[in-house]
Amino acid sequence: MTELLPLAILMTSLCAAPIILAIPERARTLRTTINLTAATLKVGLVAWLSIAVAAGGEFNLRLGIAPGLDLHLQADALSVLFLALSAVLWFLTTIYAIGYLEGGADRSRFFGFFSLCVAATVGIAMAGNLFTFLIFFELLTLATWPLVVHRGTAESHRAGRIYLAYTLGGGLALTLGTVWLYALAGDVPFAPRGVLGDLPQTAPLALTAIFVLLIAGVGVKAALFPLHGWLPLSMVAPAPVSALLHAVAVVKAGAFGIMRIVYDVYGVETVQLLGLAAPLAALAAVTIIWGSVRALTQDDLKKRLAYSTISQVSYITLGVALLSPVAAVGGLAHLIHQGIMKITLFLAAGNFAEGRGVKTVSAMDGMGRLMPGATIAFTIGSLGMIGVPPLAGFVSKWYLGSGGLDAGQPMVIALLAGSSLLNAAYFLPILYRAWFRDPPEGAPVKRRIGWMLAVPPAATAALILAAGLLANAPFSPLGWTRFIVSLEYL
Amino acid sequence: MTEAYVLALLPFLAAVGAAATPRMAAIWGLCATLINLGASILLAARILSGGDMRADLGDWPAPLGISLVADGLAAVMLSMTAIVATAVALQAMSWGLVQPRGGQQRSRLQAGFWPLWLATLGALNALFLSGDLFNIYVTFEILGLSAVGLTALTGSRNSLRAAFDYLAAGLAGSLVFLLGVALAYAAVGRVDLAAVPALVDTATGRLALGLIFAGLAVKAALFPLHFWMPAAHSSAAPAASAVLSALVVKGALYLALRITIEAGAGIEVLRIALAVLGAAGMLWGSWMALRAERLKLLVAYSTVAQIGLITLAIGVADDPSTSAMWQAAALLMLSHALAKAAMFLAVGRIAEELGHDRISGLNRTDLRPGVAEFAFAIAAVSLIGLPPTAGFIGKWLLIDGLIDRGAWVWIALLLGGTALSAAYLSRVVSRCLRGGPHVAPGARRPEWRTGDVAALGLATTALALGLGSALPLTLLNGTAL
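The listed protein sequences derive, respectively, from chains F and U.
Heads up: the first sequence runs through residues 4 to 493, numbered per the numbering used here.
Heads up: the second sequence runs through residues 118 to 598, numbered per the numbering used here.
I should point out that these hints are in silico values taken from the structure, not numbers from a laboratory.
Ideal placement from N, C-alpha and C gives every residue a C-beta, glycine not left out.
Each hint should be verified, as a subset may be incorrect.
Listed next, with one range per pair, are the computed distances between beta-carbon atoms [unchecked claim]: (1) U:169 - F:10: 48 to 54 Å; (2) U:169 - F:63: 33 to 39 Å; (3) F:63 - U:292: 58 to 64 Å; (4) F:189 - U:299: 46 to 52 Å; (5) F:66 - U:122: 32 to 38 Å; (6) U:119 - F:66: 32 to 38 Å; (7) U:536 - F:50: 38 to 44 Å; (8) F:32 - U:119: 53 to 59 Å; (9) U:525 - F:33: 49 to 55 Å; (10) F:205 - U:440: 19 to 25 Å; (11) U:525 - F:205: 17 to 23 Å; (12) F:482 - U:438: 54 to 60 Å.
Could you put together the complete structure from these sequences and hints?
Listed below in structure tokens is the structure:
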């Protein structure tokens, strides 16, 4: 039975999706029950799988599609990293979304596609070869679109169009790269240290071109400069969707794809041999700075957070591209750390908008007094992003910095310092307004924030603290990434 | 071989029955379609286990008698036809053909629809089972005439005009085709498909092949000979449009594929011509679909584009003895048939609910999106060729083969066509995702109809077929090359 675990994890949300889509709009209790059952079940199954994988268990499920083409689900340590992130955050986001959309329209459609999104994410995490990865990656694009346009306004449709144009364009590049690689190398299963054999010697040019196509394909979702244009626009979507885009699924799928391509398709040695690491690292560095600089001038709170995501996700790419084991630990751990920090920020921002109608930085005055719970969560998230010890972000930055030295790239320290200063420059003014200014006269009337909105950001804020304080525990994100890195670099 | 006889003859018998007893027409139609589905599945299963089969009607062998041959490719085409046929029959049963405009007209439409549709089905089956060009010519004639009848069925001015153009184009195409067959007979003294390689060796034979393909191009609505098609497909009744767009044009495409497979390596010029025209059709059809203002017209132009894609695939497929690229063309045909039929059925339903089919008006309504919109969206995913659909696997096989040959220009065209199809289909789907300010809180949702099962079922089959591609591909691999 245990060998079917990956399938079961996939099916919990894949089966929930059509059922929820078919449920009539008014059957609220039934929908909520299915949602929460699926989310809880998934957390449990993922926990079970993590324990099995840590104990050395191997999972492989295959379905033949065409000669040489297999649908392949597997679970390795890297899968578990992403699975754990998406399962836990999906659970919290579902609770939040149920509260957030209370009384709204089209909830069956929303939660149906929400589940489909998570199914796609889980599929990406457990894809055992590039073909399977591609299938779920495209599914994620399609499942997210209805969520981005959920509000149905002209603005959200415009954002949806642009989202689709970017991601389908990226999908084409990814498809071409994948077919090309299959044409050269046959099946491309993910395996530590790469699967290309002697191809780097025989076909270096083709491999370089394929690498560019693949990275461009996943880079759209990872919001790598200059492919990031869709992300700030997509913040018109409801807050739980932003959380999903920024923390749980979409940009994470892109960053995860970069990890898979560099580590498990090409392998660190091949990437080094072909000289592809330095350009990727440079691109990540540019994105880190560019995102932060753009974030400085945004008054719209969610837009500022969106640009911050562009910058922060590239820490992951940087950690991968530096090709040093220490930096890799930082980058991989940041997959989790950025996820829990950014989701905290978005959920708290959603609460500001719901509770007080506050959507801009300039309206944040006195929020600490008006909504202390959400503001504390937001503060923890912000300080974590800046990299204040002992929060999660500090751990990532520490390892990235040491990794830079380890890789003989002291510039990385300067980059991190610069980026942290910029982080501080766009987060601290928000905190200052929230805590040290008085609420404006005639502050908007307070609306009640139910527990469904209040608890998830508090829980993720607690996770930020835990991930930093307990970084050395064996099942912490950091501990797990050390385990992965020990497999990738031997 | 009983199945083959059933497939080739039963629909015609049922057509006669339906014409003779109009009140029973729907019963005749449904029974014949279901038996047809069963027979096609049995035939596919038998070919899967035992290889190709052939039978001579009345025990007269090939040059004189009529012989039925069935291999994997034929089985795939027959099953494709049978699945679409079942869905179309279900939908026509449950809903009638157009907006109900009074019972009498509706029953007149029903009475006209079934005999014509059953004759179309029989002609298609016979075409896929035929082993020689003359028989194929005969099936084309039946197919063409019954398809014209289907086009004209609603009796509206637009559909009559479109049907007339269709008739004229179809007859011209048939004449050219017949001329080609006659020349082929003059060149090699026989007209069975196995004689095609011999045709390639003589000048007359090559001329004959050229004429045959010119005739096919008209019948398949290959760019630039598609002029008759968008009007015909967009003005017919929904069930008829689905048949015309999903199945009827496939007859000609199937034959083009069949002849290029038989001809092997000797027809480079023809292949290049097919690929170039296919690519041009793909781009032109997409462009027109991008600009279309009416939903039915958009879907019809999307058929022009998809026919282009399939022709491109037939054209660039290498010699089948060395490469499996032709299977991509077959898979794309299969995927297009299912998805396009689903789409036309869904469009019919959407237009019925809204009372119009203007694309710009799709989101200005108090109606919530229903099953038909959902079916349309899933069918769109197949037509674009996104994973995990069969269209995706088809494109994958195609690009895989092209990369092996280093044919980057074709790859670029293919990806460009894919991007365009995403662009014109998302125009519609984004409006189906209406919500928020456009929809009043108490807006009603279209009710469920049994006919909705047809569109949704076809669309999901097309979607799931990608994961089950192993089945059609195994059948195709068994094809005698």
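Assessment of proposed distance window 58 to 64 Å (beta carbons of residue 63 of chain F, residue 292 of chain U): 59 Å, holds
Just tell me: holds or violated, for the beta carbon distance of residue 525 of chain U and residue 205 of chain F against 17 to 23 Å? This hint holds: roughly 20 Å between Cβ atoms.
Assuming the hint says 54 to 60 Å, is it satisfied by the Cβ distance from residue 482 of chain F to residue 438 of chain U or not? 57 Å Cβ-Cβ, so the 54 to 60 Å window holds.
Does 38 to 44 Å hold as the CB distance between residue 536 of chain U and residue 50 of chain F, or does it fail? 42 Å, holds
Status of the given 33 to 39 Å range, CB of residue 63 of chain F versus CB of residue 169 of chain U: 37 Å, holds
Could one say that the CB atoms of residue 525 of chain U and residue 33 of chain F fall in the range 49 to 55 Å? Since residue 525 of chain U and residue 33 of chain F have Cβ atoms about 53 Å apart, the given range 49 to 55 Å holds.
Please test the hint of 19 to 25 Å on the beta carbon pair from residue 205 of chain F and residue 440 of chain U. With Cβ atoms ~22 Å apart, the hint holds.
Cβ-Cβ distance between residue 189 of chain F and residue 299 of chain U: within 46 to 52 Å? At 49 Å between Cβs, range holds.
Whether the CB-CB distance between residue 32 of chain F and residue 119 of chain U falls inside 53 to 59 Å: 55 Å, holds
Residue 119 of chain U versus residue 66 of chain F beta-carbon gap, inside 32 to 38 Å or not: Given range 32 to 38 Å: holds, Cβ gap about 34 Å.
Whether the CB-CB distance between residue 169 of chain U and residue 10 of chain F falls inside 48 to 54 Å: 37 Å, violated
C-beta pair residue 66 of chain F, residue 122 of chain U: status relative to the range 32 to 38 Å that was hinted: Holds, since residue 66 of chain F and residue 122 of chain U (Cβ atoms, about 36 Å apart) stay within the stated range.
The structure shown violates just one earlier hint, number 1.
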